[in-house]
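Chemist: The primary structure of each chain is shown beneath.
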Amino acid sequence: MCDFSFEVQAAGTIVALSTPPGRSGIGVIRISGERALDFTRSLVRDPDFSPEPNRVTLKPIFDPDTLEVVDRAVVTFFKSPHSYTGDDVVELSCHGSPPLLLNILDVLLNLGARTADPGEFTMRAVANGRLNLTQAEAVRDLIEAQTHAAVRQAARQLGGELSKRLQPIKDVLLEIIVPLESSLEFVEDDLPEDIARNIEDNLFALSARIDEMADSFRRGRLLKDGLRVALVGRPNVGKSSLFNGLLSSDRAIVTEIPGTTRDTISEVINIEGIPVLIIDTAGVRPSPDKIEQLGIERTRRAIADADLIVAVLDGSLPLINEDEEIVREASSNHCVVALNKSDLESFCSNNAQRIDDNLPLVSVSAKTGKGLDALCAEIIKPFTAGYLDESSFVITNARHYDLLRRTSEALRAAQGLIQENVSEELILANLYEALRFLGEITGETTPEDILSQIFSTFCIGK
Amino acid sequence: MRTSFDEDFDVIVIGAGHAGCEAASACARMGCQTALVTISLDTIGQMSCNPAVGGIAKGHLVREIDALGGIMGRVIDRTGIQFRLLNRSRGPAVQAPRAQADRALYRTEMRHVLEFTRNLHLRQGVVTDFVIENGQVTGIQLQDTRRLRANAVVLAAGTFLNGLIHTGRSTYTAGRAGEPASIELADSLKRLGFPVGRLKTGTPPRLDGRTIDWDVFESQPADERPVPFSFLTETIEQPQVTCHIGYTNESVHKTIRDNLQESPLYSGQIKGIGPRYCPSIEDKVVKFPEKTRHQLFLEPEGYETYEVYLNGFSTSLPFELQQELVHKIPGLDQTKIIRPGYAIEYDFIDPRELTPFLQTTRVRGLFFAGQINGTTGYEEAACQGLLAGINAALYVQGREGFTLRREESYIGVLIDDLITQGVDEPYRMFTSRAENRLNLRYDTSDARLSPYGRNLGLLADSEWERFSSRRDRISKLRTALLATRFKRSSWEHAELSRLIEKDLGDSISLASLSQYPTVNPSILFDFLPASIKSYTTFSDLETTVGDLLYHGYIRTQQQNNERIRNQAEVLIPANLNFRDISGLSHEMVERLERVRPQNFGQACRISGITPGALSTLLFFLKTSKN
Numbered sequence: 070m071c072d073f074s075f076e077v078q079a080a081g082t083i084v085a086l087s088t089p090p091g092r093s094g095i096g097v098i099r100i101s102g103e104r105a106l107d108f109t110r111s112l113v114r115d116p117d118f119s120p121e122p123n124r125v126t127l128k129p130i131f132d133p134d135t136l137e138v139v140d141r142a143v144v145t146f147f148k149s150p151h152s153y154t155g156d157d158v159v160e161l162s163c164h165g166s167p168p169l170l171l172n173i174l175d176v177l178l179n180l181g182a183r184t185a186d187p188g189e190f191t192m193r194a195v196a197n198g199r200l201n202l203t204q205a206e207a208v209r210d211l212i213e214a215q216t217h218a219a220v221r222q223a224a225r226q227l228g229g230e231l232s233k234r235l236q237p238i239k240d241v242l243l244e245i246i247v248p249l250e251s252s253l254e255f256v257e258d259d260l261p262e263d264i265a266r267n268i269e270d271n272l273f274a275l276s277a278r279i280d281e282m283a284d285s286f287r288r289g290r291l292l293k294d295g296l297r298v299a300l301v302g303r304p305n306v307g308k309s310s311l312f313n314g315l316l317s318s319d320r321a322i323v324t325e326i327p328g329t330t331r332d333t334i335s336e337v338i339n340i341e342g343i344p345v346l347i348i349d350t351a352g353v354r355p356s357p358d359k360i361e362q363l364g365i366e367r368t369r370r371a372i373a374d375a376d377l378i379v380a381v382l383d384g385s386l387p388l389i390n391e392d393e394e395i396v397r398e399a400s401s402n403h404c405v406v407a408l409n410k411s412d413l414e415s416f417c418s419n420n421a422q423r424i425d426d427n428l429p430l431v432s433v434s435a436k437t438g439k440g441l442d443a444l445c446a447e448i449i450k451p452f453t454a455g456y457l458d459e460s461s462f463v464i465t466n467a468r469h470y471d472l473l474r475r476t477s478e479a480l481r482a483a484q485g486l487i488q489e490n491v492s493e494e495l496i497l498a499n500l501y502e503a504l505r506f507l508g509e510i511t512g513e514t515t516p517e518d519i520l521s522q523i524f525s526t527f528c529i530g531k
Numbered sequence: 011m012r013t014s015f016d017e018d019f020d021v022i023v024i025g026a027g028h029a030g031c032e033a034a035s036a037c038a039r040m041g042c043q044t045a046l047v048t049i050s051l052d053t054i055g056q057m058s059c060n061p062a063v064g065g066i067a068k069g070h071l072v073r074e075i076d077a078l079g080g081i082m083g084r085v086i087d088r089t090g091i092q093f094r095l096l097n098r099s100r101g102p103a104v105q106a107p108r109a110q111a112d113r114a115l116y117r118t119e120m121r122h123v124l125e126f127t128r129n130l131h132l133r134q135g136v137v138t139d140f141v142i143e144n145g146q147v148t149g150i151q152l153q154d155t156r157r158l159r160a161n162a163v164v165l166a167a168g169t170f171l172n173g174l175i176h177t178g179r180s181t182y183t184a185g186r187a188g189e190p191a192s193i194e195l196a197d198s199l200k201r202l203g204f205p206v207g208r209l210k211t212g213t214p215p216r217l218d219g220r221t222i223d224w225d226v227f228e229s230q231p232a233d234e235r236p237v238p239f240s241f242l243t244e245t246i247e248q249p250q251v252t253c254h255i256g257y258t259n260e261s262v263h264k265t266i267r268d269n270l271q272e273s274p275l276y277s278g279q280i281k282g283i284g285p286r287y288c289p290s291i292e293d294k295v296v297k298f299p300e301k302t303r304h305q306l307f308l309e310p311e312g313y314e315t316y317e318v319y320l321n322g323f324s325t326s327l328p329f330e331l332q333q334e335l336v337h338k339i340p341g342l343d344q345t346k347i348i349r350p351g352y353a354i355e356y357d358f359i360d361p362r363e364l365t366p367f368l369q370t371t372r373v374r375g376l377f378f379a380g381q382i383n384g385t386t387g388y389e390e391a392a393c394q395g396l397l398a399g400i401n402a403a404l405y406v407q408g409r410e411g412f413t414l415r416r417e418e419s420y421i422g423v424l425i426d427d428l429i430t431q432g433v434d435e436p437y438r439m440f441t442s443r444a445e446n447r448l449n450l451r452y453d454t455s456d457a458r459l460s461p462y463g464r465n466l467g468l469l470a471d472s473e474w475e476r477f478s479s480r481r482d483r484i485s486k487l488r489t490a491l492l493a494t495r496f497k498r499s500s501w502e503h504a505e506l507s508r509l510i511e512k513d514l515g516d517s518i519s520l521a522s523l524s525q526y527p528t529v530n531p532s533i534l535f536d537f538l539p540a541s542i543k544s545y546t547t548f549s550d551l552e553t554t555v556g557d558l559l560y561h562g563y564i565r566t567q568q569q570n571n572e573r574i575r576n577q578a579e580v581l582i583p584a585n586l587n588f589r590d591i592s593g594l595s596h597e598m599v600e601r602l603e604r605v606r607p608q609n610f611g612q613a614c615r616i617s618g619i620t621p622g623a624l625s626t627l628l629f630f631l632k633t634s635k636n
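Chains A and B, in that order, are what the protein sequence lines are.
For any residue, its number in the numbering used here is found by taking its place in the first sequence, counting from 1, and adding 69.
For any residue, its number in the numbering used here is found by taking its place in the second sequence, counting from 1, and adding 10.
If you're looking for bench data, these hints aren't it; they were derived computationally from the structure.
Accuracy of the hints is not assured; some may be wrong.
[Said to hold, decoys possible] Taking lysine-lysine pairs in the DSBU-like style, the calculated list, with each CA pair at most 35 Å apart, reads:
#1 A:K239 with A:K450
#2 B:K301 with A:K239
#3 A:K450 with A:K439
#4 A:K233 with B:K297
#5 B:K297 with A:K239
#6 B:K281 with B:K264
#7 B:K281 with B:K346
#8 A:K450 with A:K233
#9 B:K281 with B:K301
Go ahead and model the full structure; you've got the sequences and the hints to work with.
Modeler: Quick look at the structure:
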């Protein structure tokens, strides 16, 4: 009868490597769906294998062709609906050898599993009501999170923190809407005077609070996307040693960014929880060499894309015009001047006196590591002023930021209308719009919710 | 049991209250031989609660009924004794007409209108059962052994299904005070498997007006220029009366508190759920102990009677106590109660049983309208009656069903709310239930709905001509308002600046002028170009100014609607088995199956459905399209 005979994409048992590809200590294979346990039984050649949910079991994994034990894996079973996706889930923690993992995945696919699409585990979790959309977005951020601070931030959002933070704001908004609405629906009940007086003040306080939350997006973005910092300077001022110095001073290198150009090298370091991509550029100088010119061109592009420029100068030598030119160009962006080679006897901080006093300047020694911490602090300073308290909540998602901004705009429009003495239904149109934007994060407020509040607040009806 | 029928009709409507009258009138005018069966021919169009029509959101509904070609607006326009436009100080979207009715005249006029409707046949009798063949209704059985045949039946039983009246500790079965309840019909619905719930409503005592000291009360006069409900009514001719406003006091409240055990509401005797927005005086006193007084309205029941309706004092306390309480109100210290107030419990059917055409999913050809669907209010009932009647006619004529969208009408909001969310208390319309209330003004219901009424055959040629000529005048007026500008040098500019005490700049159009909160249409009217003024009515001008006022908002809303509609209008095939969708929990499948939403938008509004289930459903619907 049903003309939907196609196979629903959401069906079936899906499988994927859930740790990053590449050689690692442990590789986790996740299987989700009705047949997750079935497939595991075949894999461990134990038809009676019935692991206790949420407990780990060490099991040998067999190659079905050769019947050889290929690995010993830690098997964890999460029973539906108490799993991440809401389906039955088995996680196999194997040794992190790529060929081994691929082999096990192959076996599972041959058994009838299907490769999960990107985000499909999360999609299933949403579909099974295990996560709401805000949480799902946080999961995506969690996966993409590069440093510990970002992980903490994403974990907080996962617990519905954003919804929780917005709830009191929404409550205040409802406190404004309810008496206005009541006065429209039930003419005989005039707006109590104290409430009428408070509406404007409340609106003002509310939009300020929302703005504050929206502002935290800057720091949120910082935690998630990190900073791009380019080291620029004449050849041989010590950019590369500074680059290496910064890397080794930071023990928490997270990833090597693939696809970097041959002549600009970049690495991510962690400065107070913020992932900072440091780009070592080719020295800038006029050159007839075609290849070097290309390198210099790339350097200019790196400068253009960077959030901050570290202008590296050789502090052991008097500055020349080219140095000044580099600093001048860099100062059009956020910029820190690093006066390198402070370990040399000929180093003289006075060499920098021709540099603009307003630019932050740090004396460093790439060689001894002296001053590197100060340099790191200067690098993040322009982006973190007032925002570095990790306990404070930040917005990390552009959609949430956008919604908060629009909420605030709608509230301001409502304030404007109140000042012009415009009729309530127009003020309410803006307030409802604000409520709708908030609702896209926290869940919808229905007319029934508002009516309920009216009836519990006011004695309505003839 | 007999198998033959005494009479043959196309459609039978059961119940001649506000829903039944609209249903029967619409069916008959759409060409169907229609029987309207009522327990008593003398209570056709009876206002069993307060003698008034309209109010905020309710007045909107009456205007929409009228625009579609319904009769409620026309009848109240001829029988209203006090017309007031509510929320006059606010914008036109939340203004609405309300009128006190002469209860007896309303009944008489309604019966007169029905008796003079072609194809409409009044029958008195108590319906006890439906005749059903292979899941299709084919007629009804009356208590007096008569059997009437029809392929569509509209059931508009109001509060009569298992009606039980409470006054103090005494109870008796009744449909309304003084009329028998329908017990057998309620049983037959249960036998058919309809999920039945219980609701409650109440009325206040009626007073002897000769014993009221009127001078003690604040008077509330009618509007000087009564705004009619019907687009067909030019002016309200009948004389207008005054209502009066008074208040309860602490002494009244104390007596109520001391005697709560006497109230069936608080003794546990009443099981049904009452409306929160129309609380009994017992409820008001208990729930809002900080209020030292509650407002009361003394509303006359008609020209020829001294009966007065004590609005705001709905109660089911024993009669002696009602009389004692009334005496505690200054001005009523000598007043006699003519009829005591009472509470009534009645059966309703879960409206999630219904299709958007108000047809039941259990029995083909059977339609439900009005209070049986869990609503309250004459207007809410009437609009369902109209839609059920239209659809019953379309059903027997083999034509496609008729629905209205939420964004184009309050009627659409009401029916969509009922069938997707069900009710847990008597459902009343509020403007805040409509997402697009700025676009659902009382004075634009003709523009929104009359073309439908015309297509359905409910608006006669002369009525359609009136509609077209009004739309035409409004469009010319709009052009004129935008085009007429006054320069600083003109006398009009000087005069207007003086009138509204504002600098109007070097040049101002009538359209921009109309947007000043201090400029009312009567000022504007004087400055219209003579050529336009000659044929423009005041109401034309108000509507045109309203259009200009909300123009920007409505455009934004329409853009939002389109965005939402793209998703909301993803259709859900009627034969889709929700159990086939993997990832939907058993509970979600049950909720979806109970409502059987026709599109994703309706699914979104089902109460208790989770966002997760919705995204699974949408995902399924979108992937299944390819």
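Chemist: Decide if the proposed pair is consistent with the structure: K450 (chain A) and K233 (chain A), CA atoms, cutoff 35 Å inclusive.
Modeler: 30 Å, holds
Chemist: Given the proposed pairing of K281 (chain B) with K346 (chain B), does the C-alpha separation stay at or below 35 Å?
Modeler: Cα-Cα ~30 Å, so holds.
Chemist: For the pair we were handed, K301 (chain B) and K239 (chain A), check the Cα-Cα distance against 35 Å.
Modeler: 28 Å, holds
Chemist: Next pair to validate is K281 (chain B) with K264 (chain B); report whether the Cα-Cα distance is within 35 Å.
Modeler: Roughly 25 Å between the alpha carbons, so the hint for K281 (chain B) and K264 (chain B) holds.
Chemist: For the pair supplied as a hint, K281 (chain B) and K301 (chain B), is the alpha-carbon distance within the 35 Å limit?
Modeler: Status holds; Cα separation ~27 Å.
Chemist: Decide if the proposed pair is consistent with the structure: K239 (chain A) and K450 (chain A), CA atoms, cutoff 35 Å inclusive.
Modeler: At roughly 34 Å apart (the allowed maximum being 35 Å), K450 (chain A) and K239 (chain A) satisfy the hint.
Chemist: Within a Cα-Cα threshold of 35 Å, do K450 (chain A) and K439 (chain A) meet the stated pairing?
Modeler: 19 Å, holds
Chemist: Hey, K297 (chain B) versus K239 (chain A), does the alpha-carbon distance stay inside 35 Å?
Modeler: Roughly 25 Å between the alpha carbons, so the hint for K297 (chain B) and K239 (chain A) holds.
Chemist: Given the hinted pair K233 (chain A) and K297 (chain B), is their alpha-carbon gap at most 35 Å?
Modeler: 30 Å, holds
Consistency note: the structure conflicts with none of the earlier hints.
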